[in-house]
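**Q** Chains as they are written, first to last, in my numbering: chain A, 7 to 262; chain B, 485 to 752; chain C, 523 to 805.
There could be a bad hint or two in this list.
[Said to hold, decoys possible] Simulated pairs of lysine to any residue, SDA-like, Cα-Cα distance not exceeding 25 Å:
#	chain 1	residue 1	chain 2	residue 2
1	A	K28	A	K192
2	B	K655	A	D35
3	B	K747	A	A154
4	A	K28	A	R88
5	C	K697	C	E794
6	C	K734	B	S504
7	B	K643	B	D721
8	B	K748	A	N153
9	C	K734	C	G718
10	B	K655	C	A580
11	B	K747	C	G718
12	A	K192	A	F151
13	B	K620	C	L646
14	B	K655	A	I254
15	B	K747	C	K734
Honestly, the hints are just simulated from the structure, not real lab data.
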Amino acid sequence: MATPRPTRLELAGLAKSYVPGKPVLSGIDLAFEGAALTAIIGPSGTGKSTLIRCINRLVEPTAGAIRLDGTDLTTLRGDALRRARSRIGMVFQEYNLVERLTVMENLLTGVLGRTSAWAAWRRRFGRADLERAWALLERVGLQEFANARADSLSGGQRQRVGIARAVMQEPALLLADEPTSSLDPKTSVEIMELLQGVARREGIPVIVNMHDVDLARRFASRIVGMSGGRVVYDGPPQGLGDDMLRQIYGGEDWLQ
Amino acid sequence: MEPSASPRALPGHVRPFAMSRAERIGWIVFAVLAAWAASRIDPSWARFVTGLANAERFFDRMLPPIFTPERELVRGLAESLQIAVLATALGLALSLPLGLLAARNLMPGWVSWSARFVITVCRTFHPVIVAIVFVKAVGFGALAGIFALTVASIGFVGKLFAEAIEEISMKPIEAVRATGASFANVLLFAVVPQVLYRFIGFIAYLADSNLRNSAIVGLVGAGGIGGTLFAAFQRFDYDYVLGILLCIIGLIMVGEALQLAVKKVFRQ
Amino acid sequence: MSDAAVPAAAGAAGAAREWRRFTPAERLARFATYFLCVAAIVASLRTVDVIPEFLADAPAQVQDLFVRMWPVDWAFYVTPRNTGAQTVHAALLDTLAIALLGTVFGLVLAVPFGFLAARNIVRLSWVNWLARLVLVATRSTSTLLWALFFVAVFGPGALAGTCAIAFRSIGFVGKLLSEAIEESHRGTIEALTAAGASWTSRVLYGYWPQVKPAFVAIAMFRWDINVRESSVLGLVGAGGIGMAMNAAIDTFEWQRVALILLVIFAVVVASELLVTWLRKRLL
């Protein structure tokens with residue numbers, strides 16, 4: 007299921023200010039290419055979540071370009087924007103499932119980008135889509151829960167549904183906004199393993215926002231450290247020394 | 485710390501279960517208003533006693549209830565049902581989009597304000613008043629009743645719809661938008677599932693309300709059993725009046741049972 | 523969750539896997555409901571006695587009505603139509619008095635019935651049943667119908683109106699109250715019983731404080747409705763502004779009708795604002 011050629015995402019001079027004069031992101035230049043899991047780390051409020059949300063324009067960037075396989079996403083509108091979004095999968099910190107719908111229906115929201123409203127209302131989805139949904143359910147180990155209501159699941163199970171939903175889109179890129187922050191340590195590891203697997207199997211870049219540095223070091227092949235709205239580190243986990251961490255997070259106590 | 489000689493009493497100004505000052509003022513205001521109202525209405529013991537005698541005679545003539553002429557009774561009930569069904573259908577068709585437009589979390593300010601204004605105007609007037617206006621406009625009969633209850637429906641259920649939509653969580657909406665779904669699909673999969681069960685409840689409540697109201701708009705000529713009842717009342721046929729009343733109550737109870745059944749079918 | 527261990531059974535069955543949101547029984551039930559609703563609408567459309575010409579004429583008639591209502595007869599507010607009658611102002615005060623006293627009596631009478639109907643307070647099921655019967659009967663009879671009855675009993679005037687409002691409110695408030703009581707927390711009551719509290723103490727200090735917020739909300743809800751209801755009771759002679767309106771309609775004085783409609787609008791809106799303010803302060 008790998009995309010034909012490796013996805014390339016470029017962020018050029020990306021900036022965002024919610025309040026004029028107080029930038030949350032200042033001049034971010036990053037490039038992502040091919041199958042890899044990148045972790046973005048940094049203290050709260052440093053713009054990690056804003057960065058992730060700018061990529062699929064859930065938040066509107068104030069300046070800069072976001073080029074996905076050559077197309078600048080900041081210039082898209084209407085149908086073109088929707089099509090671009092359907093190529094970007096997203097996993098949320100609080101799962102953002104539709105609680106009253108079943109697990110299967112939540113999965114199928116992944117293909118709503120290319121399903122007509124009429125078919126969606128009648129719950130008539132294509133054969134290929136259904137097959138893929140079942141396969142994905144098995145992959146995340148939730149095949150018995152297909153008709154269970156989403157809010158009857160545990161946190162870890164819900165996040166697995168969230169990941170499966172994103173992969174349903176057959177995305178060229180997967181974004182994850184603090185996917186493990188609401189989960190216990192053991193479940194967090196399972197989720198990170200799943201995400202790593204997605205990067206490998208689908209052959210796409212997976213960009214994960216997280217604040218657990220150990221988890222990041224364990225699962226990411228590349229780490230981007232942010233501080234004060236800028237990128238201060240961009241490289242392999244091995245190169246992330248204590249000095250660098252202090253620079254990113256400030257203060258020494260928590261390192262003990 | 486040395487032990488105290490006696491257990492410490494509560495501070496003197498705190499008495500459990502006592503009313504706060506604001507509450508006391510509230511009660512006084514209320515008592516004054518009630519006294520004023522009573523003086524206007526002037527209930528006297530003499531009136532009450534004659535009233536009781538009247539009531540006794542009234543009940544004497546009401547019992548036993550009769551249900552003839554049946555054709556008239558059945559026609560009146562059927563017309564009330566028709567009015568209720570059509571007013572509910574038309575009212576829903578108008579209230580759903582209006583309620584959506586009035587939701588402040590999904591719509592721009594001026595749109596939601598205008599929609600809310602329309603709903604408020606529809607809500608302010610009693611259905612019977614609206615019925616009078618429509619009787620003048622479209623003549624006596626069921627049409628006036630249908631229009632009047634449609635207006636009442638918009639006021640009743642449009643507000644409920646808008647409030648339900650305003651209470652939904654935006655998170656699933658964010659997620660479904662992120663998949664590139666169209667506006668219709670976002671509505672269908674992120675908004676509707678969150679409100680559907682409550683909406684079904686509102687629709688049932690609306691049907692019940694319209695059924696009750698359809699029985700009385702006839703009092704002003706807008707069709708239905710209300711007209712039959714009023715005519716019987718003025719003819720002093722109180723036993724027929726009781727019969728009609730019992731039929732109305734029976735109809736309402738059947739309606740309530742149907743509502744429960746429908747809610748069960750759509751329970752998620 | 524390892525990627526490599528994808529179960530071999532997946533897809534090996536060959537046959538396409540079905541997914542249905544609802545079981546056949548559920549789908550049948552849903553379809554039947556839709557069908558019955560549509561059938562009811564179609565049946566009503568076909569049998570209702572509506573003269574098409576009137577329907578077509580409707581917009582023009584409504585417009586004509588609004589033209590006749592303008593300009594609004596503001597003076598009518600303080601000028602009685604003839605020396606014996608009430609001014610609109612006086613009628614309005616009557617309406618408010620009816621609404622207030624009627625609601626109060628309704629609330630007061632609803633409380634005992636509400637408690638009697640609650641299955642966790644009174645265990646005798648025939649008493650519950652009787653109380654519920656009273657509540658259903660008073661609820662199903664609309665305020666206007668009660669007004670007709672009381673006009674026959676007490677004669678026309680505000681007293682009939684007040685009783686009508688009160689009696690209708692008993693059923694409405696009583697039902698919601700009994701539901702609120704049945705949903706109250708058992709733990710508090712258990713604690714009071716364990717401490718040896720009498721039945722009255724349990725009701726007063728155990729149930730009542732829990733039920734009070736719901737009761738206040740219900741009371742304000744009913745007051746809202748009663749203000750509206752009081753404005754029409756005059757149509758059947760039960761006092762208030764409805765009588766002035768009835769007189770004006772009968773003589774086609776549409777400008778005066780317009781004034782009364784505006785007055786009702788203002789009063790209802792003012793009452794709602796008051797209720798919203800109270801709600802914010804109390805709840």
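**Q** B/K655 and A/I254 were given as a pair; does the straight-line alpha-carbon distance stay at or below 25 Å?
**A** Violated, at about 30 Å.
**Q** With a cut-off of 25 Å on the C-alpha distance, tell me whether B/K747 and C/K734 pass.
**A** Violated. B/K747 to C/K734 sits at ~29 Å, over the 25 Å cutoff.
**Q** Sort out whether C/G718 lies within 25 Å of C/K734, counting only the CA atoms.
**A** 23 Å, holds
**Q** Please verify whether B/K643 and B/D721 have alpha carbons no more than 25 Å apart.
**A** 41 Å, violated
**Q** Can the restraint linking A/K28 and A/K192 be considered satisfied, given a maximum Cα separation of 25 Å?
**A** 38 Å, violated
**Q** Does B/K655 pair with A/D35 here, judged by a C-alpha cut-off of 25 Å?
**A** 29 Å, violated
**Q** Against the 25 Å threshold, does the CA-CA distance of B/K655 and C/A580 hold or violate the hint?
**A** 46 Å, violated
**Q** Checking one constraint from the list: CA of A/K28 to CA of A/R88, max 25 Å. Satisfied?
**A** Violated. A/K28 to A/R88 sits at ~30 Å, over the 25 Å cutoff.
**Q** B/K620 and C/L646: Cα distance at most 25 Å?
**A** 53 Å, violated
**Q** Within a Cα-Cα threshold of 25 Å, do B/K747 and C/G718 meet the stated pairing?
**A** Roughly 42 Å between the alpha carbons, so the hint for B/K747 and C/G718 is violated.
**Q** Starting from C/K697, check that the Cα of C/E794 is at most 25 Å away, please.
**A** 23 Å, holds
**Q** Do the alpha carbons of B/K747 and A/A154 lie within 25 Å of each other, as the hint requires?
**A** 20 Å, holds
Comparing the model with each numbered hint stated earlier shows that hints 1, 2, 4, 7, 10, 11, 13, 14, 15 do not hold.
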